[in-house]
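Colleague: Given next are the chains, with one letter for each unit.
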Amino acid sequence: MTQILLQTVLSGVLIGLVYALVAVGLTLIFGVMDIVNFAHGEFLMLGMYASFWGWALWKLDPLFTLPFTALGLFAVGALLYRLVIRRIIDAPMLSQVFTTFGLMILFRGLAQYLWSPDFRSVEHTVVDGKVAFGGLSFGLPQVTAAAGAVVTTGAVWWFLRFTRLGAALEATAADREAAALMGIDGQKMFALAWGIGAACAGVAGALLSSTYPIFPDVGASFILVAFVLVALGGFGSVTGAFWAGILVGVVEVVGGFLWDPAYKMVLVLSLYLLVVWLRPQGLLGKA
Amino acid sequence: MIRLARAASLLAALCLAAPAAAQEEVRIGVIYPLTGAAASTGLELKNAAQLAADLINGTDKSLGLALAGAGGLPNLHHAKLKLIFADHQGNPQVGASEAERLITQEKVVALGGCYFSSVTATASQTAERYGIPFVNGESSAPNLTQRGFKWFFRTTPHDELFVRNSFEFLKDLEKRKGVQVKRIAILAENTEFGTGAAALQEKFARENGYEVVAKVLYPPKSAQLTSEVQKLKAARPDVVMQSSYLGDAILSVKTYKDLGFLPTALVANDAGFNDSEFLKTVGKDGNGIISREVWALDLAAQKPVIAKANALLQARHHVNFNGNSARAFTAIFALADAINRAGSTKPEAIQKALRETNIPGDQLIMPWAGIQYDATGQNKLGAGIIVQVQDGKYVTVWPFALASKDVAWPLPAWDKR
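Sequences listed follow chains A and B, in order. The letter at position 231 of the first sequence is residue 231 when you use this note's numbering, and the numbering goes up by one with no holes. The letter at position 368 of the second sequence is residue 368 when you use this note's numbering, and the numbering goes up by one with no holes.
Each hint should be verified, as a subset may be incorrect.
Beta-carbon label-pair distances, calculated as ranges [as the list claims (entries may be wrong)]: (1) B:130 with A:92: 35 to 45 Å; (2) B:209 with A:154: 51 to 61 Å; (3) A:53 with B:314: 24 to 34 Å; (4) A:113 with B:209: 49 to 59 Å.
Computed cross-link-like contacts, SDA-like style, restricted to lysine to any residue with a CA-CA straight-line distance of at most 25 Å [unchecked claim]: (5) B:257 with A:63; (6) B:284 with A:124; (7) B:257 with A:135; (8) A:130 with B:313; (9) B:280 with B:83; (10) B:257 with A:272; (11) B:280 with A:114; (12) B:280 with A:113; (13) B:346 with B:83; (14) B:257 with A:278; (15) B:257 with A:112; (16) B:257 with A:279; (17) B:221 with A:59; (18) B:280 with A:140; (19) B:405 with B:128; (20) B:257 with A:6; (21) A:130 with B:411; (22) B:221 with A:272; (23) B:221 with A:53; (24) A:130 with B:346; (25) B:221 with A:112; (26) A:59 with B:285; (27) B:257 with A:124; (28) B:215 with A:6; (29) B:284 with A:53; (30) B:221 with A:271; (31) B:215 with A:267; (32) B:257 with A:114; (33) B:284 with A:58.
These are calculated hints, taken from the structure and not from any lab test. Remember, predicted model here, so these are calculated numbers, not experimental data. Even for Gly, the Cβ is constructed at its ideal location relative to N, Cα and C.
Work out the full structure, taking the sequences as your base and the hints as a guide.
Modeller: The structure is reproduced here in structure tokens:
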């Protein structure tokens with residue numbers, strides 16, 4: 001029993017780390033400019049398709065194409081900011097919600113139009129098979145995905161914490177006007193936030209592409225949890241999203257195992273309600 | 001006076017002609033999941049339904065089905081069938097509102113669809129309210145025909161028969177091959193389809209003296225199925241009976257493999273496991289999976305019309321029929337047959353003709369004895385088969401009389417597929 005429990009806890013941690021990476025991008029965009037990006041799951045979808053096409057057309061492994069996927073998604077995010085989001089930055093919240101929601105539908109529709117609604121998958125990846133030790137067994141792709149998520153989340157955290165550009169981004173998040181007075185170009189910072197946010201989701205997509213089926217609506221399976229993590233960890237907090245990801249992953253998998261999988265989301269959302277009730281700013285959010 | 005008589009006869013002629021002119025096309029609304037997670041299945045169903053309509057409208061009689069090549073419905077002055085497709089996105093509310101739109105705005109005379117039992121339930125409710133016939137070809141939740149509806153007809157057998165089949169199959173295997181099955185675990189998604197099937201499996205398992213060691217229901221489109229599979233693994237079942245749509249079916253097989261879960265047999269309840277995309281995606285990992293079906297290409301050995309119809313679909317869409325699309329195709333033929341016999345597009349006339357439907361088995365591309373509806377609107381002549389994935393293809397393994405291959409038992413180890 002302890003062995004099975006340990007297995008489920010670790011499985012939960014593995015998936016939780018990927019959840020966290022999806023949420024990191026979302027929380028970054030929200031933290032910097034107070035816009036809820038409903039199209040975030042679609043960045044993940046685009047990351048998955050980028051990996052899939054790299055593999056299907058040129059036999060390139062998702063791990064090799066990962067840097068390009070990240071760069072590509074960075075460009076998509078930054079471009080999307082320049083073309084669309086820039087225009088609604090001071091618009092009422094409802095317009096912002098409609099805009100990103102519309103983008104979500106647009107991206108899904110485009111993906112279905114261009115690539116058909118078929119389910120795709122990437123087979124025979126470089127990392128394949130299982131790691132087994134002491135009676136525990138994990139798919140190597142999942143372990144790699146989790147490790148990749150930790151590295152990427154860590155890189156974002158390091159960037160925000162220890163680089164001048166990251167500090168400028170944080171400054172813009174804290175006070176847009178004051179940052180502008182200090183000579184920080186707000187537009188550039190916003191585009192940067194969207195770029196990094198989209199790149200995080202894209203990397204998550206690339207990491208998931210060898211374990212999860214790829215289809216136009218795939219973002220929907222991850223986006224709800226990502227929103228929970230953003231609120232749970234504290235709006236705008238990267239470390240908060242990280243720990244919340246692990247927590248939610250473990251609660252979902254272990255809770256589903258011990259209780260009833262039909263109610264696993266109930267457990268996750270109850271946890272969310274509990275935290276929001278006791279600590280409205282989220283686990284690591286600033287009040 | 002003569003002019004008046006002439007004018008009157010002209011008027012009469014116009015009045016009489018009007019309905020005939022209006023019957024140049026028979027409009028039928030068909031609702032499928034054309035976007036969303038099941039969109040690829042929806043597209044297959046749409047293509048199959050459209051092929052059926054085009055065959056009836058066309059003049060190629062080579063298929064050998066009565067209405068195929070009739071150039072439209074003979075009893076309605078060769079009026080052409082026009083299918084108007086709508087997308088329910090897998091959402092019961094959308095299904096109901098699309099049904100309403102098709103009836104009130106597109107003026108369809110009958111409805112078909114919706115694949116998802118949960119959506120068929122709501123869309124057929126709308127049809128019932130408006131008094132428009134609804135012919136469902138591929139939804140298998142038993143309660144759909146247990147609601148006392150007067151306008152709802154279903155050509156496919158429902159899960160009660162399918163589930164009974166899978167237990168008859170196990171019993172037959174025990175007799176013939178001496179396999180030992182005691183512990184059964186049930187895994188199902190928790191919408192109408194999965195919960196209904198799981199309840200039946202539990203009931204039949206108990207009646208047949210099996211022990212149900214786990215019954216796991218999960219929310220569809222989950223990001224992970226680890227807890228579900230762990231629960232199954234902990235229960236150490238001989239046989240897993242699973243009801244999942246496509247995305248979950250793929251994810252579950254990958255999770256089984258990753259967590260090293262290997263029951264003696266996996267008996268799936270159609271749906272995602274029989275989708276054309278399923279084997280393409282899971283590849284060799286699909287080998288050995290057993291599923292209940294209503295159709296398989298290798299039945300063509302006994303029923304040549306199957307190969308002919310399949311060749312037509314291949315020529316057009318480069319894909320084989322499967323159980324879902326063959327049933328969508330069949331539902332359009334069954335509906336067209338009724339409208340033709342009704343000789344009218346009046347809902348009451350179509351309803352009456354549907355009740356009197358008697359299509360013999362040789363007029364179908366299904367391995368059924370035919371189509372005749374009972375008082376609840378359920379086709380009582382349907383039958384199921386059991387298929388198994390062998391070397392990347394679905395082959396018929398039961399009933400033994402129709403089988404083209406022997407059952408492979410137990411499931412091969414994951415690294416030996």
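Colleague: Determine for every hint whether it applies to the structure shown.
Modeller: Here is how each hint holds up against the structure:
1. Distance hint check for residue 130 (chain B) and residue 92 (chain A): the Cβ-Cβ separation is about 40 Å, which falls inside the suggested range of 35 to 45 Å.
2. Separated by about 56 Å at the C-beta atoms, residue 209 (chain B) and residue 154 (chain A) satisfy the suggested range of 51 to 61 Å.
3. A hinted range of 24 to 34 Å for the beta carbons of residue 53 (chain A) and residue 314 (chain B) is consistent with their spacing of about 26 Å.
4. For residue 113 (chain A) and residue 209 (chain B), the hinted distance range of 49 to 59 Å is satisfied, since their beta carbons lie about 52 Å from each other.
5. Of the supplied pair hints, the one linking residue 257 (chain B) and residue 63 (chain A) holds, its CA atoms being roughly 21 Å apart against a limit of 25 Å.
6. A threshold of 25 Å between alpha carbons decides the hint, and for residue 284 (chain B) with residue 124 (chain A) the separation of about 11 Å falls inside it, so the pair holds.
7. Restraint check for residue 257 (chain B) and residue 135 (chain A): satisfied, since their Cα atoms lie roughly 15 Å apart, inside the 25 Å limit.
8. With a CA separation close to 40 Å, the supplied pair residue 130 (chain A) and residue 313 (chain B) exceeds the 25 Å bound.
9. For the suggested pair residue 280 (chain B) and residue 83 (chain B), the alpha carbons sit about 30 Å apart, so the restraint of at most 25 Å is broken.
10. Taking the CA atoms of residue 257 (chain B) and residue 272 (chain A), the gap is about 32 Å. The hint is violated against a cut of 25 Å.
11. A distance of roughly 19 Å separates the Cα atoms of residue 280 (chain B) and residue 114 (chain A); the hinted pair therefore holds under the 25 Å criterion.
12. Of the pairs offered as hints, the one joining residue 280 (chain B) and residue 113 (chain A) holds, with about 20 Å between alpha carbons and a cut-off of 25 Å not exceeded.
13. Proposed proximity of residue 346 (chain B) and residue 83 (chain B) is supported: the alpha carbons are some 17 Å apart, at most 25 Å.
14. About 41 Å separates the Cα atoms of residue 257 (chain B) and residue 278 (chain A), which puts this hinted pair outside 25 Å; it is violated.
15. As the CA atoms of residue 257 (chain B) and residue 112 (chain A) are separated by approximately 29 Å, the hinted pair breaks the 25 Å bound.
16. Between residue 257 (chain B) and residue 279 (chain A) the alpha-carbon distance is near 40 Å, which puts this suggested pair outside the 25 Å criterion.
17. Distance restraint check for residue 221 (chain B) and residue 59 (chain A): the Cα-Cα separation of roughly 28 Å exceeds the 25 Å cut-off, and the hinted pair is therefore not satisfied.
18. With a C-alpha separation of about 22 Å, the suggested pair residue 280 (chain B) and residue 140 (chain A) falls inside the 25 Å cut-off, and the hint holds.
19. With a C-alpha separation of about 44 Å, the suggested pairing of residue 405 (chain B) with residue 128 (chain B) is violated against the 25 Å cut-off.
20. Restraint check: the Cα-Cα separation between residue 257 (chain B) and residue 6 (chain A) comes to about 18 Å, which is no more than 25 Å; the hinted pair holds.
21. The suggested pairing of residue 130 (chain A) with residue 411 (chain B) holds, with an alpha-carbon distance near 19 Å, which does not exceed 25 Å.
22. Only pairs whose Cα atoms come within 25 Å are accepted, and residue 221 (chain B) paired with residue 272 (chain A) is accepted, the gap being roughly 21 Å.
23. Between residue 221 (chain B) and residue 53 (chain A) the CA atoms are separated by roughly 23 Å; this keeps the pair inside 25 Å, and the hint holds.
24. For the suggested pair residue 130 (chain A) and residue 346 (chain B), the alpha carbons sit about 62 Å apart, so the restraint of at most 25 Å is broken.
25. In summary, the hint linking residue 221 (chain B) to residue 112 (chain A) is supported, as the alpha carbons are separated by about 18 Å, within the 25 Å threshold.
26. Among the hinted pairs, residue 59 (chain A) with residue 285 (chain B) is consistent with the structure: their alpha-carbon atoms are about 21 Å apart, no more than 25 Å.
27. For the hint pairing residue 257 (chain B) with residue 124 (chain A), the CA-to-CA distance comes to about 14 Å; that is within 25 Å, so the pair holds.
28. A hinted pair counts as satisfied when its Cα atoms are at most 25 Å apart, and residue 215 (chain B) with residue 6 (chain A) qualifies at roughly 22 Å.
29. Straight-line distance between C-alpha atoms of residue 284 (chain B) and residue 53 (chain A) comes to about 21 Å, which keeps the hinted pair within the 25 Å bound.
30. The suggested pairing of residue 221 (chain B) with residue 271 (chain A) holds, with an alpha-carbon distance near 21 Å, which does not exceed 25 Å.
31. With a CA separation close to 19 Å, the supplied pair residue 215 (chain B) and residue 267 (chain A) stays within the 25 Å bound.
32. Of the supplied pair hints, the one linking residue 257 (chain B) and residue 114 (chain A) is violated, its CA atoms being roughly 32 Å apart against a limit of 25 Å.
33. Between residue 284 (chain B) and residue 58 (chain A) the CA atoms are separated by roughly 22 Å; this keeps the pair inside 25 Å, and the hint holds.
Of the numbered hints listed earlier, those contradicted by the structure are 8, 9, 10, 14, 15, 16, 17, 19, 24 and 32.
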